[in-house]
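Please build the complex by placing chain B on the supplied structure of chain A, with the hints as guidance.
Number of protein chains: 2
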Amino acid sequence: MNFERENIRRMAGYASGEQPDNELTIKLNTNENPYPPSPQVSEVLSQFNPESLRRYPPATAQKFRQLAAELHGLDLKNVIATRGGDELLRLVITTFVDPGEKIGMTDPTYSLYPVLAQIQDCPIVEVPLLDDWTLPGEFARSMNDAKVKLTFLVNPHAPTGALLPIDQISNLASELNSILLLDEAYVDFVDHSYQTSQLVKQHNNLVILRTLSKGYSLAGLRFGYGLADHSLIEPMLTKTRDSYNLDLISQLVAEAAIADQDYVRGNWQKVIIERNRLKAQLHELGILCADSQANFLLATIPESINFGAADLYQKLKERHILVRYFNADRLDDKLRISVGTKEENNQLLSTLREILNQS
Amino acid sequence: MNFERENIRRMAGYASGEQPDNELTIKLNTNENPYPPSPQVSEVLSQFNPESLRRYPPATAQKFRQLAAELHGLDLKNVIATRGGDELLRLVITTFVDPGEKIGMTDPTYSLYPVLAQIQDCPIVEVPLLDDWTLPGEFARSMNDAKVKLTFLVNPHAPTGALLPIDQISNLASELNSILLLDEAYVDFVDHSYQTSQLVKQHNNLVILRTLSKGYSLAGLRFGYGLADHSLIEPMLTKTRDSYNLDLISQLVAEAAIADQDYVRGNWQKVIIERNRLKAQLHELGILCADSQANFLLATIPESINFGAADLYQKLKERHILVRYFNADRLDDKLRISVGTKEENNQLLSTLREILNQS
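Respectively, the protein sequence lines represent chains A and B. Read in my numbering, the first sequence has 28 at position 34, and its numbers run on one by one without any break. Read in my numbering, the second sequence has 207 at position 213, and its numbers run on one by one without any break.
This is chain A alone, in the form it adopts within the complex:
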């Protein structure tokens, strides 16, 4: 007997990025930060008293939420802390979208969204991005016409790195009848002053997702947060969130990390400089990349070489460099390359040169 719900039986799960078994592999496939987390993280871990694990942790991560609120010029009641950004995505669906109601997104987008929609048994409405990866002008109207209840947007977009102007986000939030979930997992790597958090004061249908995974070099910690009007935060915080969703150690580490803004801003700058250098060097090899404001580049493999993106992915893997290949329409001639350290990027470039020269 199969006890699975019909919608669960039909679906496939999310495929996590490859984790290499070889320590020497250069890992540019899952957009992790190439630099270590703040020294304050080491400090808080070295002072941690294991006996304190005996008791339940603070249920709503209030200290972290207070720090995040201050950072973004918002109130405590505008912040929820979550087990990575993933938990926030799930909570928004669980709290606001009935099974059978529609969830909207762009095509392409973060491949977890359709999986989460399937778990809630929600049909998906996809609107293709334009050729330059920008949103079509009728995006909000398309979502409203389809009676979408929740719209996911990645900003900067994955896997292209394209950034939405703040005015455009504000207009979308005004136009949409649905909740707009703005997934800013990569926003720390924008190369100019850019802050959308004040928009939640104007739009009670906007949820902004942030994570410590990329900008704070803490993918292994599973810590993220959401910013929104209190009317959206409150039911997720008090009703649908797993009680005690965040363990004690990760709360302390996250508090230390978000408090050390000087350190992370230095890291972000290093990533931005390397992203721009890598893009220019790839261009010299004939490999063009979309404009990216994230910590990755979407690189188009030119027709002039004798093999496609899938083959190049494989040839790099054989040489112990992992990048991301998407077997999908409009992406199957491209590779998504996370920005590594200077040394890692140089190794990628020299390996690419070697492969291209052999072709």
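Simulated from the structure, these hints should not be mistaken for lab results. Among the hints, erroneous ones may be present.
Which copy? The list can't say, so a pair holds if one copy fits it or any two copies do.
To be verified - DMTMM-like cross-link-like pairs, simulated, lysine to aspartate or glutamate; straight-line CA separation at most 25 angstroms:
| id | residue 1 | residue 2 |
| --- | --- | --- |
| 1 | Lys141 | Asp92 |
| 2 | Lys273 | Glu348 |
| 3 | Lys96 | Glu0 |
| 4 | Lys264 | Glu45 |
| 5 | Lys96 | Glu17 |
| 6 | Lys195 | Glu(-2) |
| 7 | Lys264 | Glu0 |
| 8 | Lys336 | Glu45 |
Relative to chain A, chain B alone:
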């Protein structure tokens, strides 16, 4: 505009146990273990390299699952690791129960179950326990007649501490048309040899929940696991679980803790001895407790004293001792008291004596 789903709007969330703001409070209200976690936990934390947080953690906690499988005489494919037992409870509902389908439980039971059912918009079927807190003989038939899809049983039961015989569990699993979730959060404190894990080899509708929160003194870590037939584990592991549900540090700590069986077994024995002593001493004060195989006692406040359980709870709280009072039918003349250290239990007993003498 209120964006909440109708079922979420109607519900109240789970009320977590009180956390005292005073460090000197004796906390006997949320069934935490009074002894510290294994020294191996300190060891693994002291050796932890914070730089490793930069990368995503092992997605399915395979090392921990292997250790748990060996401990219980099962295979890796019979184990899922979860963010506390709570995540497993949620996953079982998400994966196997459609909105509108019924979820069965006893009355009384763990107060989180109805909350999780409400989140999935599932009606609840409650069957009252008998006066001695045992299951009525027609329990399985009642569940089947009501077309329940998932049945929750706590074993040992909360808040009474009553243990189900293994034969009875096996018979229930055979009789029930639904999935049986056996919540063994407190099973480490059973005072005789008792192991239900082999039942999952005979019953493909049985999920056993275990947690490190109580037996391993790691409530602050949020780590639990489920044991079941592969056909039940697989969809939770590969489809409905949040990708990367467990951070790197908690995986390493949990591995160290579960591997140190000698240490935890010593702790369990100490708790059992104190439970039995506390029960006998409460009896001498005229306070009778149900037979408990857990790390707490359900104490009935006798009518001979001038105030009820709610007042006694309050008087203890004023004297910096927290216990649990349930404002519910059949429980409102009782207090649930977690077993503390010898010193904490003595303090509770002397404070009770003082209060009762004043009455």
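Hints the structure violates: just list their numbers, smallest first. 5, 7
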